[in-house]
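Fit chain B to the given chain A structure using the hints.
So you can see what is in the structure, the chains are spelled out below.
There are 2 protein chains.
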Amino acid sequence: MPLTTLFEEAKDAVEGVLHHALANPDVPTPLLEAMVASVKNGGKRLRPMLTLACANLFQVPKAEAARVGAAIEMVHCYSLIHDDLPAMDNADLRRGRPSCWREFGEATAILAGDSLLPLAFEVLADKATHPSPTVRLSLITALAASSGAAGMAGGQMLDLSPHLIHSVETATTMQNLKTGCLIAFSCEAGAILAEAPLEDRERLRRFGFLLGLAYQIQDDLLDIEGNATELGKPIGMDGEKRSLVALLGPVESKRSLRTLQDDMFHLMRPYRQPLFEEIIAWVTTRRG
Amino acid sequence: MPLTTLFEEAKDAVEGVLHHALANPDVPTPLLEAMVASVKNGGKRLRPMLTLACANLFQVPKAEAARVGAAIEMVHCYSLIHDDLPAMDNADLRRGRPSCWREFGEATAILAGDSLLPLAFEVLADKATHPSPTVRLSLITALAASSGAAGMAGGQMLDLSPHLIHSVETATTMQNLKTGCLIAFSCEAGAILAEAPLEDRERLRRFGFLLGLAYQIQDDLLDIEGNATELGKPIGMDGEKRSLVALLGPVESKRSLRTLQDDMFHLMRPYRQPLFEEIIAWVTTRRG
Numbered sequence: 001m002p003l004t005t006l007f008e009e010a011k012d013a014v015e016g017v018l019h020h021a022l023a024n025p026d027v028p029t030p031l032l033e034a035m036v037a038s039v040k041n042g043g044k045r046l047r048p049m050l051t052l053a054c055a056n057l058f059q060v061p062k063a064e065a066a067r068v069g070a071a072i073e074m075v076h077c078y079s080l081i082h083d084d085l086p087a088m089d090n091a092d093l094r095r096g097r098p099s100c101w102r103e104f105g106e107a108t109a110i111l112a113g114d115s116l117l118p119l120a121f122e123v124l125a126d127k128a129t130h131p132s133p134t135v136r137l138s139l140i141t142a143l144a145a146s147s148g149a150a151g152m153a154g155g156q157m158l159d160l161s162p163h164l165i166h167s168v169e170t171a172t173t174m175q176n177l178k179t180g181c182l183i184a185f186s187c188e189a190g191a192i193l194a195e196a197p198l199e200d201r202e203r204l205r206r207f208g209f210l211l212g213l214a215y216q217i218q219d220d221l222l223d224i225e226g227n228a229t230e231l232g233k234p235i236g237m238d239g240e241k242r243s244l245v246a247l248l249g250p251v252e253s254k255r256s257l258r259t260l261q262d263d264m265f266h267l268m269r270p271y272r273q274p275l276f277e278e279i280i281a282w283v284t285t286r287r288g
Numbered sequence: 001m002p003l004t005t006l007f008e009e010a011k012d013a014v015e016g017v018l019h020h021a022l023a024n025p026d027v028p029t030p031l032l033e034a035m036v037a038s039v040k041n042g043g044k045r046l047r048p049m050l051t052l053a054c055a056n057l058f059q060v061p062k063a064e065a066a067r068v069g070a071a072i073e074m075v076h077c078y079s080l081i082h083d084d085l086p087a088m089d090n091a092d093l094r095r096g097r098p099s100c101w102r103e104f105g106e107a108t109a110i111l112a113g114d115s116l117l118p119l120a121f122e123v124l125a126d127k128a129t130h131p132s133p134t135v136r137l138s139l140i141t142a143l144a145a146s147s148g149a150a151g152m153a154g155g156q157m158l159d160l161s162p163h164l165i166h167s168v169e170t171a172t173t174m175q176n177l178k179t180g181c182l183i184a185f186s187c188e189a190g191a192i193l194a195e196a197p198l199e200d201r202e203r204l205r206r207f208g209f210l211l212g213l214a215y216q217i218q219d220d221l222l223d224i225e226g227n228a229t230e231l232g233k234p235i236g237m238d239g240e241k242r243s244l245v246a247l248l249g250p251v252e253s254k255r256s257l258r259t260l261q262d263d264m265f266h267l268m269r270p271y272r273q274p275l276f277e278e279i280i281a282w283v284t285t286r287r288g
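So the sequences go chain by chain: A and B.
Going by the working numbering, the first residue of the first sequence is number 1, and it counts up by one from there.
Going by the working numbering, the first residue of the second sequence is number 1, and it counts up by one from there.
Okay, chain A solo, but in the shape it has when bound:
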């Protein structure tokens, strides 16, 4: 299956689950509207695509992977809603639309994020996600760790503390927590659903972290090129935040991207799946 087809499949499957999970007449209207709008404005659905791809390595039913992908999207969307708040990144726009707090007000946006997080755990805990209770608990534990204080929320804390990001090492830690943990879980989840050996879980998890870093470096490089040509901003400075690319510089960043690419190819070779070569190539060379 080519990557574009997989992206489409993941989008359709995950949006079906999201639609169903959000159809709750007991939720006050303004809150539900904010949740639905945020989840619909979802972008490429990179994380669910990865869950479907990794689950497919072990012939896990697509419906199960789609439910996990939907839970991950809920957590991802909640994090974007909160990151955009005035007290955080103070962003007016998200993917070309008004950000949640801009459209629905700050209080509603905070509560929409607060509501998407437990909903993700509700989806994972449901029988439909996997027949085995132990598997569902493993998914819950891993998602909780990935999204909490030693994961995504901790990463956002570091990202808001530029004085703590003073080296390539600390910038890598920040990135691994802020975006890496959830992408790593998106991949690892395929092996959890398959009850695959621990070695596979760890391999896919490691692949996710490398992919997350590569994605971010390519993102920052595209930013720089955009800024340098379109805005004339100094290279690699995204406000006060210090990205990995800002610390490495563009030449080292491109070298680092090639190393990550090689490491990912090496890591995924045992599965003999051309799809992953396509995923790796897409992440490291995409232009938008």
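Keep in mind the hints are simulated off the structure, nothing from the lab.
Using N, Cα and C, we set each Cβ at its ideal position, and we do this for glycine too.
Hints are all accurate, no fakes.
If you want the footprint, here are the derived chain B segments under chain A, 3+ residues with CB under 8 Å: (1) 25-32; (2) 119-129; (3) 135-145; (4) 159-168.
In the EDC-like style, the derived pairs of lysine to aspartate or glutamate whose C-alpha atoms are separated by at most 20 Å in a straight line are: (5) Lys127(B) - Glu195(A); (6) Lys127(A) - Glu122(B); (7) Lys254(A) - Glu277(A); (8) Lys127(A) - Glu195(B); (9) Lys40(B) - Glu106(B); (10) Lys44(A) - Asp220(A); (11) Lys127(B) - Glu122(A); (12) Lys127(B) - Asp126(A); (13) Lys254(B) - Glu169(B); (14) Lys44(B) - Asp220(B); (15) Lys127(A) - Asp126(B); (16) Lys40(A) - Asp12(A); (17) Lys40(A) - Glu106(A); (18) Lys254(A) - Glu278(A); (19) Lys11(B) - Glu278(B); (20) Lys254(B) - Glu278(B); (21) Lys127(B) - Glu15(B); (22) Lys254(B) - Glu225(B).
Just chain B now, with coordinates in the frame of chain A:
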């Protein structure tokens, strides 16, 4: 066991679990400090006391009830942190101390709340909470529903929308969502841990909702008396918010409190536990 002893036992047991769960060296310092400070500034630990009392009806080990109580306290503390934010209730103080956002800044407070929520699910998913995976999943599902958009977060949304609270019925719904759901879960959890018949789950859940309403009415009545004598504020108006007591008036509120008291006695009579008579009397007559 007298109620004061149970309160002390619950406090000690739950704080032990909280201390252990928050000892994570991978959490960035400012975030961990905000989480710990909020969880430590914990008040009476009413909810864990209820979990211990209800679990004890079925001889559930105290250590299991304490873990569920700690998870509930995490969710309760997170909700207080977010409720105090400038965009919500804009509260400077919480239990006589600076509120989380006042002490640690708004961004850190948002993230501290965001981190306590998944940690609660991590605690519930752990084997130490109960040997049966199915029981742990039931706890997770019930806590997620109680804290989400059709529970606590939805209730806070209604509480921030005074135009939606125009009758005793809507004010009751708001209160049931905002505080009732989590108190109901605190009670129901005892029956879930015991794998007791559904009838017990439902009875304890219903008891929790009644207790939550009674607690809130008594709280509002104490507020009115305080305001009327100390501040001379108009009776029952807490800012723009319309409480149940504001809609009922003090005379009807006291009558309603007596009805709730009777209903609770009736509901809990089959368990023949004098402790619950003490709990009901305490909630409906306390002076602070």
